[in-house]
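*Asks:* What follows is the residue order along each chain.
Protein chains: 2
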Amino acid sequence: MRGVAIVGVGMTPVTSGSGKSLTELFVEAGTQAIEDAGIDRVDSLYVGNMMSGFLQNQEHLGALMATALGNEGVPSYKVEGACASGGVAANAGVKAVLSGLEGVVLVGGVEKMSGYTTPEVTAGLMMAEDKARVGGTGVTFVGLNAMIAREYMHRYKVPHEAIAAFPVLCHENALDNPKAQFHKKITVEDVLKSPLVADPLRLFDCSGIGDGAAALVLTSLKNARKFTDTPVEIAASTVGTDRVTLYQRPDITTFEASRKAVAEAYQRARVKPEDVDVLEVHDAFSVLGIMALEDLGFASKGSGSSLAKDGVCARDGRLPTNTFGGLKARGHPVGASGAYQLAELALQLSNRAGKCQVPNAEVGLAQSVGGIGTTVPVHILKRAGS
Amino acid sequence: MRGVAIVGVGMTPVTSGSGKSLTELFVEAGTQAIEDAGIDRVDSLYVGNMMSGFLQNQEHLGALMATALGNEGVPSYKVEGACASGGVAANAGVKAVLSGLEGVVLVGGVEKMSGYTTPEVTAGLMMAEDKARVGGTGVTFVGLNAMIAREYMHRYKVPHEAIAAFPVLCHENALDNPKAQFHKKITVEDVLKSPLVADPLRLFDCSGIGDGAAALVLTSLKNARKFTDTPVEIAASTVGTDRVTLYQRPDITTFEASRKAVAEAYQRARVKPEDVDVLEVHDAFSVLGIMALEDLGFASKGSGSSLAKDGVCARDGRLPTNTFGGLKARGHPVGASGAYQLAELALQLSNRAGKCQVPNAEVGLAQSVGGIGTTVPVHILKRAGS
Chain W
1 MRGVAIVGVG MTPVTSGSGK SLTELFVEAG TQAIEDAGID RVDSLYVGNM MSGFLQNQEH
61 LGALMATALG NEGVPSYKVE GACASGGVAA NAGVKAVLSG LEGVVLVGGV EKMSGYTTPE
121 VTAGLMMAED KARVGGTGVT FVGLNAMIAR EYMHRYKVPH EAIAAFPVLC HENALDNPKA
181 QFHKKITVED VLKSPLVADP LRLFDCSGIG DGAAALVLTS LKNARKFTDT PVEIAASTVG
241 TDRVTLYQRP DITTFEASRK AVAEAYQRAR VKPEDVDVLE VHDAFSVLGI MALEDLGFAS
301 KGSGSSLAKD GVCARDGRLP TNTFGGLKAR GHPVGASGAY QLAELALQLS NRAGKCQVPN
361 AEVGLAQSVG GIGTTVPVHI LKRAGS
Chain U
1 MRGVAIVGVG MTPVTSGSGK SLTELFVEAG TQAIEDAGID RVDSLYVGNM MSGFLQNQEH
61 LGALMATALG NEGVPSYKVE GACASGGVAA NAGVKAVLSG LEGVVLVGGV EKMSGYTTPE
121 VTAGLMMAED KARVGGTGVT FVGLNAMIAR EYMHRYKVPH EAIAAFPVLC HENALDNPKA
181 QFHKKITVED VLKSPLVADP LRLFDCSGIG DGAAALVLTS LKNARKFTDT PVEIAASTVG
241 TDRVTLYQRP DITTFEASRK AVAEAYQRAR VKPEDVDVLE VHDAFSVLGI MALEDLGFAS
301 KGSGSSLAKD GVCARDGRLP TNTFGGLKAR GHPVGASGAY QLAELALQLS NRAGKCQVPN
361 AEVGLAQSVG GIGTTVPVHI LKRAGS
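In order, the protein sequence lines correspond to chains W and U. FYI, this note's numbering numbers position 122 of the first sequence as 122, with every residue one higher than the one before it. FYI, this note's numbering numbers position 9 of the second sequence as 9, with every residue one higher than the one before it.
Hints were generated in silico from the structure; no laboratory data involved. Treat the hints with care, as some may be off.
Same chains, same label: a pair holds when it works inside one copy or across any pair of copies.
[Unchecked claim] Each computed SDA-like pair below joins lysine to any residue, with the alpha-carbon atoms no more than 20 Å apart:
1. 20 x 114
2. 226 x 138
3. 20 x 134
4. 20 x 132
Sequences and hints are given; from them, build the entire structure.
*Replies:* Spelled out as structure tokens, the structure:
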């Protein structure tokens, strides 16, 4: 892939009850990213979001955000891929830069989930599933992920306490991230004793409900140093998809969309799993974090939890993972999470991650997931050579 | 712009009460387009849609449609720009091809609007406006367009009967389009006597409510003849945006987003207004068709209606416009209309437009509009040289 680079990043804190509108959230993150790039205007915007039509009865976020950011007139539209919307918006921006049509592009994601009832948010999340197939069956999005957790635990004889190591890791990392939603150390026992949400998933297995936005300024690698001394190359931006409904798939304990997207990304970026210094995975539910470690090539099927348990995924381990807290503890405003991952990786690879910094990180990988493993954007980032 | 070409097109009929799901509609159009290109698989899909989250409580159309079309696994996401969603999806597809990342790309739009109450559809359309500014004021989307019509008629001293020439033209053209929603010849008097919807706009000034989908297969111009003997070049694909709300703008009788997008398109395609052989404009309301003729450079402000009245826009006139019936009579399933325009132009430029054919058409221009002139994709197509 010809070169695209990240030259500016911005993120709001993730909070529940922010009281902020979609526009206020995106403008906060977008303004930070634009200022971080040392500019005051971009050539185009791609806004990732999943639920604004359903929850806010607001579409047309492209023009809305362009105007609110003082960029009225530029090409701008919304990009949606369920909970991976922020990741696919980045993919759209990468293509815009590579097309040669737009030189400096803002991409990001925004979601406002707080201030609604649990049934409203639950119904909103189910828009990621095929309504015609399972929409009226009564199962929830958490319930479908619980089916995966149950099958995974049964098939590979992995106890819940092993899986629970993942949220424990994320909460530990989030303690150092001032923008994280949760600053609370938890133990495996806390996870196992937390209230049951959808058997076997308990409260601390699940990411929370929050508001947030993250944004990135992209440009060609060639021009990146006009904007920053620490550009981060997007060495691969791929998207895999899969059949939407679980029962259409031969095996629910692995996500083919992940495996497809990451295989293509490794090839494009000329990177192997062992080259990855920092990893961001989509741990909307504990079991998904574990499965991602396997599907992305870091562990064999059924053995992912050992990486989380044994310190390999800790910030001082061999494979620092979800170093700002991941979806579980940084927070998961669904349409924004894919953009948060990329912003956090960019900070790591430009040595600006503060207390979350992993020393000498040069290669990062982010995996975002829309639906139940249905749409998976994967990005591989590299510290750009000088 | 390096070359991108259309090598396959598909369209469902536009109907009210189709009884078909979003998936069934898009699969019908997509399958036609893929078969028209002589292939059985594409490398990626971009699905334009505006209201699925609100009306169908269904998002994630990218993966859903990829799977339903037998293309599971490929990159796919939804693209939204209000009523211009089909047009911006095409823009996303053009960038995907130009990026070099994807060789054969399906783009299109789908909307299902029938089967809902008028208040539901009315609320859905208002998602194109800024909810925070005017969402709760009681004005409707038609009402906002009525304000434009009133101001336009007053400022330029254009009587309603002059504007009414536009829907009359569209209904005339649709008589020859088997996929049009309305096959009914109307007169200026019919328009003026039709029921008032939002003063001064009457029923026949307004496009209807319908279901439909349209799709296109895109590839590089270089490879286009591997798929078809009659490729159509996309010589320009631009998007202009504007402040979302009418009262933010200095002049509501002209759409800056249109003027910006078309100026850039003319420049990129090296085409002047007088070179355009076939024109498709976004006549969701009669006055918008007239304003488009002006904003796109075919008439001075206030004089657009004369082109419609005096036969210039007729299929045998100097500037054949909305040759399949336009939004008014072909129909306006909002997220699909921008894709219908491009499919219809591609048929014209490949001499496959049947009874709607304009002889020797070589250059076509399509303008789609999201919101009240807020997001405007413009495409210039050319019959590809051999």
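*Asks:* List in ascending order the numbers of the hints, as given earlier, that are violated by the structure.
*Replies:* 2
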